[in-house]
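J.: Sequence:
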Amino acid sequence: MKKTEYIAFCLLLLLAISCSDNISPRNDTLRVITIDTVYSFYPGEGQNAGQDSQYYPKNIFGLPGNNLDETIPFNSPEQILSLGLGGEITVGFKNYKIINGDGDDFIVFENVFLNPINGKYFIEPAEVSVSKDGINFIKFPYDTINFIGCAGLHPTLWNSRNIQNSGGDKFDLNSIGLDYITHIKIRDISREILQNPKNPYYDPIISGFDLDAVIGINYERLQ
Numbered sequence: 001m002k003k004t005e006y007i008a009f010c011l012l013l014l015l016a017i018s019c020s021d022n023i024s025p026r027n028d029t030l031r032v033i034t035i036d037t038v039y040s041f042y043p044g045e046g047q048n049a050g051q052d053s054q055y056y057p058k059n060i061f062g063l064p065g066n067n068l069d070e071t072i073p074f075n076s077p078e079q080i081l082s083l084g085l086g087g088e089i090t091v092g093f094k095n096y097k098i099i100n101g102d103g104d105d106f107i108v109f110e111n112v113f114l115n116p117i118n119g120k121y122f123i124e125p126a127e128v129s130v131s132k133d134g135i136n137f138i139k140f141p142y143d144t145i146n147f148i149g150c151a152g153l154h155p156t157l158w159n160s161r162n163i164q165n166s167g168g169d170k171f172d173l174n175s176i177g178l179d180y181i182t183h184i185k186i187r188d189i190s191r192e193i194l195q196n197p198k199n200p201y202y203d204p205i206i207s208g209f210d211l212d213a214v215i216g217i218n219y220e221r222l223q
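Sequential numbering of the sequence shown, starting at 1, is according to my numbering.
Treat the hints as calculated values from the structure; they're not laboratory data.
All C-beta atoms, glycine included, are put in the ideal place defined by N, C-alpha and C.
Watch out, some of these pointers could steer you wrong.
[Claimed, not checked] Here are the in silico distance ranges between beta carbons for each label pair:
hint, residue 1, residue 2, range
1, GLU220, GLY119, 37 to 47 Å
2, GLU70, LYS198, 20 to 30 Å
3, LYS198, GLN54, 31 to 41 Å
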């Protein structure tokens, strides 16, 4: 069973609803920015949902979907981009840079969901690296067992009134000693789970990270 079919099955059990994205590089009401540039994309093997030009790259620009929680993930190619196993994408902002401000600086959203059958999160993690010039990247460290430090661990709980309670995976530039960045690289590492059936997140239908959105919390306009 493919992941898309698997999610659809779970959503039928939960009477899921459909949602839409807000596609705006900057949201002045929320005081956040959203990615509006793809510098490179190298699809991996397997899952390719959302890669067609009919959807991509529009499906990863703008805010993450609203009215979502751990039981209602996005599944439509209009709303997510599957990187595939080992796939990699580098994104950014045309007129802004992410800066090292107070607390978390940016958030990556993926369609993580709680499997209603076994009560476990279905995750497809991705390594996150950042750069000031698009050439030299620094990786956020992560745990190779529980994948803390990766993107793709927490469901989208989008809350326009409280960014910190909106789910997704948050990243702080202070943790890697950078004052600002312009490029964010997201690389699927789901094979690290597939190759270890004893991993607590192991599931044979894992097929790669699915990107929903990336938002910047602390940022400045480029000079």
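J.: Against this structure, judge whether each hint is valid.
T.: Cross-check of the supplied hints:
At about 43 Å, the beta-carbon gap between GLU220 and GLY119 stays in the expected band of 37 to 47 Å. Between GLU70 and LYS198 the beta carbon distance is about 24 Å. The supplied range of 20 to 30 Å therefore holds. Range check, LYS198 to GLN54: about 40 Å between beta-carbon atoms, so the 31 to 41 Å window is met.
In this structure, none of the earlier numbered hints is contradicted; all agree with it.
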